Amino acid sequence: MASKVNRRRFLKGAGMGIAAGAAAKVAASAMASESPSDAPAIPLPNAQTKRAAGGTAPTVCCTPASRLIFACSGAADVGKIADLAARKLSEEGAGKMFCLAGVGGRVKGIMETTKAAQAILAIDGCPLHCARNTLLQAGFTKFEHLCLSDMGMEKGKTPATEQAVAKVAKRGKAMLPK
Amino acid sequence: MAETNPQSSCGCSAAPKLIFSCSGAADVGHISDLAARKLTAEGAGRMFCLAGIGGRVSGIMVSTQSAQSILAIDGCPLDCARKTLEEAGFTEFEHVRLTDLGMEKGKTPATDEAVAKVVCRAKARLACSGKV
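Protein chains in written order, with the numbering used here: chain A, 41 to 218; chain B, 4 to 135.
Just so you know, the hints here were simulated from the structure itself, not pulled from any lab data.
It should be emphasised that the depicted structure is a prediction, and the values quoted were computed from it without experimental measurement.
Treat the hints with care, as some may be off.
Below 30 angstroms or equal to it, Euclidean Cα-Cα: the simulated DSSO-like pairs (lysine-lysine) are [to be verified]:
#1 A:Lys182 <-> B:Lys110
#2 B:Lys41 <-> A:Lys136
#3 B:Lys41 <-> A:Lys197
#4 B:Lys86 <-> A:Lys136
#5 B:Lys120 <-> B:Lys86
#6 B:Lys108 <-> A:Lys155
#7 A:Lys207 <-> A:Lys182
#8 B:Lys108 <-> A:Lys197
#9 B:Lys120 <-> A:Lys210
#10 B:Lys126 <-> A:Lys207
#11 B:Lys108 <-> A:Lys128
#12 A:Lys197 <-> B:Lys110
#13 A:Lys210 <-> B:Lys110
Just so you have them, the derived chain B footprint on chain A, three or more residues with Cβ under 8 angstroms [to be verified]:
#14 151-157
#15 166-172
#16 182-190
#17 193-203
Distance windows between CB atoms, simulated [unchecked claim]:
#18 B:Glu95 <-> A:Gly192: 21 to 31 angstroms
#19 B:Thr94 <-> A:Gly179: 32 to 42 angstroms
#20 A:Thr201 <-> B:Asp115: 33 to 43 angstroms
#21 B:Val65 <-> A:Gly196: 19 to 29 angstroms
#22 B:Arg59 <-> A:Gly196: 16 to 26 angstroms
#23 A:Lys182 <-> B:Lys126: 21 to 31 angstroms
Glycine residues also receive a C-beta, built at the ideal position from the N, C-alpha and C atoms.
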């Protein structure tokens, strides 16, 4: 997945670099003003979209690809467990929890970083699969999916204990690339 | 999806006040999440699943459309919760942003005090919200 994503992203970036070059040659033409920019509106700390000086293609090849974790963070007990498990995995360095709401809200920087991810893990608390559906709605189809109800955790009957969180974190860690 | 509201403050409406937090990865996202849960526990409203909006889950969409009022809590100026609601067509809702309360992203540990501060502001917004 990573190679496909990175290759696609690189080609997209390279294409834009060519487009930018062409636009420069016909300076002040309408084409220049129509040239799109895919730079995040607000830079993210670990954004994979850094541009080299001079506005050339993004330096995707040389930056470490990220493993992103999205939790449904739902209102129920299992949503809370999903949320805390994502934070725990992030703290432990297994991946990086990321803002699912940024995907739901199509926030540019978050969308870009998610597109460039090496791997994505979605953690859902219940069979409504809200996190999974949020990613699918936004066009992300390749990701690992962990649903707490598949682990015997029943919605409304599973207090968010450290043990429950640890159990989910352990399963999630096993689903992420090393 | 029919909804009953045991937490209705005035008794004149069966529709609940729904609370959506961004629940983002940063400290301020964590505070927004904890604040929404605390508001629910205290009966000020009812936390609801923002991911259900982003994922267009039908039952959650219908419940949200019939809500008495909606409060979105965002941790940072990216306003992901607000934008998720807007992307789904919801335009009338209250909005609390933690950075507007002096909470800086990455420098605000999710302490009880921080959560309480957000809860206090959110309660004030919920108290005067509601469809008329």
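Structure-based check of all given hints:
no., hint, verdict
1, A:Lys182 <-> B:Lys110, "violated (33 angstroms)"
2, B:Lys41 <-> A:Lys136, "holds (26 angstroms)"
3, B:Lys41 <-> A:Lys197, "holds (19 angstroms)"
4, B:Lys86 <-> A:Lys136, "holds (22 angstroms)"
5, B:Lys120 <-> B:Lys86, "holds (23 angstroms)"
6, B:Lys108 <-> A:Lys155, "holds (24 angstroms)"
7, A:Lys207 <-> A:Lys182, "holds (24 angstroms)"
8, B:Lys108 <-> A:Lys197, "violated (33 angstroms)"
9, B:Lys120 <-> A:Lys210, "violated (33 angstroms)"
10, B:Lys126 <-> A:Lys207, "violated (35 angstroms)"
11, B:Lys108 <-> A:Lys128, "holds (19 angstroms)"
12, A:Lys197 <-> B:Lys110, "violated (35 angstroms)"
13, A:Lys210 <-> B:Lys110, "holds (28 angstroms)"
14, 151-157, "violated (count 0)"
15, 166-172, "holds (count 5)"
16, 182-190, "violated (count 0)"
17, 193-203, "violated (count 0)"
18, B:Glu95 <-> A:Gly192: 21 to 31 angstroms, "violated (40 angstroms)"
19, B:Thr94 <-> A:Gly179: 32 to 42 angstroms, "violated (24 angstroms)"
20, A:Thr201 <-> B:Asp115: 33 to 43 angstroms, "violated (19 angstroms)"
21, B:Val65 <-> A:Gly196: 19 to 29 angstroms, "holds (20 angstroms)"
22, B:Arg59 <-> A:Gly196: 16 to 26 angstroms, "holds (23 angstroms)"
23, A:Lys182 <-> B:Lys126: 21 to 31 angstroms, "violated (42 angstroms)"
Of the numbered hints listed earlier, those contradicted by the structure are 1, 8, 9, 10, 12, 14, 16, 17, 18, 19, 20, 23.
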